[in-house]
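Visitor: Sequence:
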Amino acid sequence: MNRRTFFQSLILGVGALTVIPSLVKAEERRRGGGASAAASPKLVDPKDAQAKAVNYVHDKKDIKDKALQTERGGVKYNDQHCKNCAFYTSAKEANVEGKKAAPCQMPFAAGRVVAAEGWCTTWAKKA
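Take 1 as the starting number for the sequence shown in the working numbering and just add one per residue.
It is possible that some hints are incorrect.
Below, computed lysine-lysine pairings styled on DSBU-like, alpha-carbon distance capped at 30 Å [what the hints assert, rightly or not]:
| # | residue 1 | residue 2 |
| --- | --- | --- |
| 1 | K125 | K25 |
| 2 | K100 | K61 |
| 3 | K47 | K100 |
| 4 | K66 | K25 |
| 5 | K92 | K52 |
| 6 | K125 | K76 |
| 7 | K64 | K52 |
| 8 | K99 | K42 |
| 9 | K83 | K126 |
| 10 | K83 | K125 |
| 11 | K64 | K47 |
| 12 | K42 | K52 |
| 13 | K126 | K66 |
| 14 | K42 | K25 |
| 15 | K76 | K61 |
| 16 | K99 | K61 |
| 17 | K25 | K52 |
| 18 | K126 | K64 |
Hints listed in this document are in silico derivations from the structure and should not be mistaken for laboratory results.
My request is simple: use the sequences and hints to build the entire structure.
Guide: This is the structure we're talking about:
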C-alpha cells in the first residue's frame, strides 16, 4: 500500500465513523424511537437570558413598559401576538404546558416553542 492509498483509506474511514452515528440516530427518530422523538417541546423560559434580551413573555399582557408597546409594521401593539408574527410556525402549533404554542424561528427560541399569546421585541408582521 502506497502513501496515497493509505491516506485515501484513512479519510474514508474517518468520514464513515462520523456519518454512521448520525444516520443511526436519524433512523431511530424516523421509527419513533430515541430520546429526541419522545421528548415533548418545551416553552421558552422568559427568565432565560436570551429571552430577556428580547423581552419575551408568555402573555403579552405582562409587558408593562409603555416604550415597548409600539406600532410595528403598521400593526398596533394590541394586535401583536406570537401567533400572528412572521417568525411563528403556526403549522406546527400544539398544546404545550396548557398553552397553544409553536416553534419560533428566532435564535432565542432554539429548539423550544413560544406561546401563541406571547410577545417579544422581534415581533414582525406576517407577509
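Visitor: None of the hints should be skipped; say for each whether it holds.
Guide: Now for the hints, and whether the structure bears them out:
1. K125 / K25: Outside the cut-off at roughly 37 Å; violated.
2. K100 / K61: 16 Å, holds
3. K47 / K100: 19 Å, holds
4. K66 / K25: Violated - the C-alpha atoms of K25 and K66 are around 47 Å apart, more than 30 Å.
5. K92 / K52: Within the cut-off at roughly 24 Å; holds.
6. K125 / K76: 11 Å, holds
7. K64 / K52: Holds, at roughly 14 Å.
8. K99 / K42: 11 Å, holds
9. K83 / K126: 10 Å, holds
10. K83 / K125: 11 Å, holds
11. K64 / K47: 16 Å, holds
12. K42 / K52: 17 Å, holds
13. K126 / K66: 23 Å, holds
14. K42 / K25: This hinted pair holds, its Cα atoms lying about 21 Å apart.
15. K76 / K61: 14 Å, holds
16. K99 / K61: At roughly 15 Å apart (the allowed maximum being 30 Å), K61 and K99 satisfy the hint.
17. K25 / K52: 33 Å, violated
18. K126 / K64: Holds, at roughly 24 Å.
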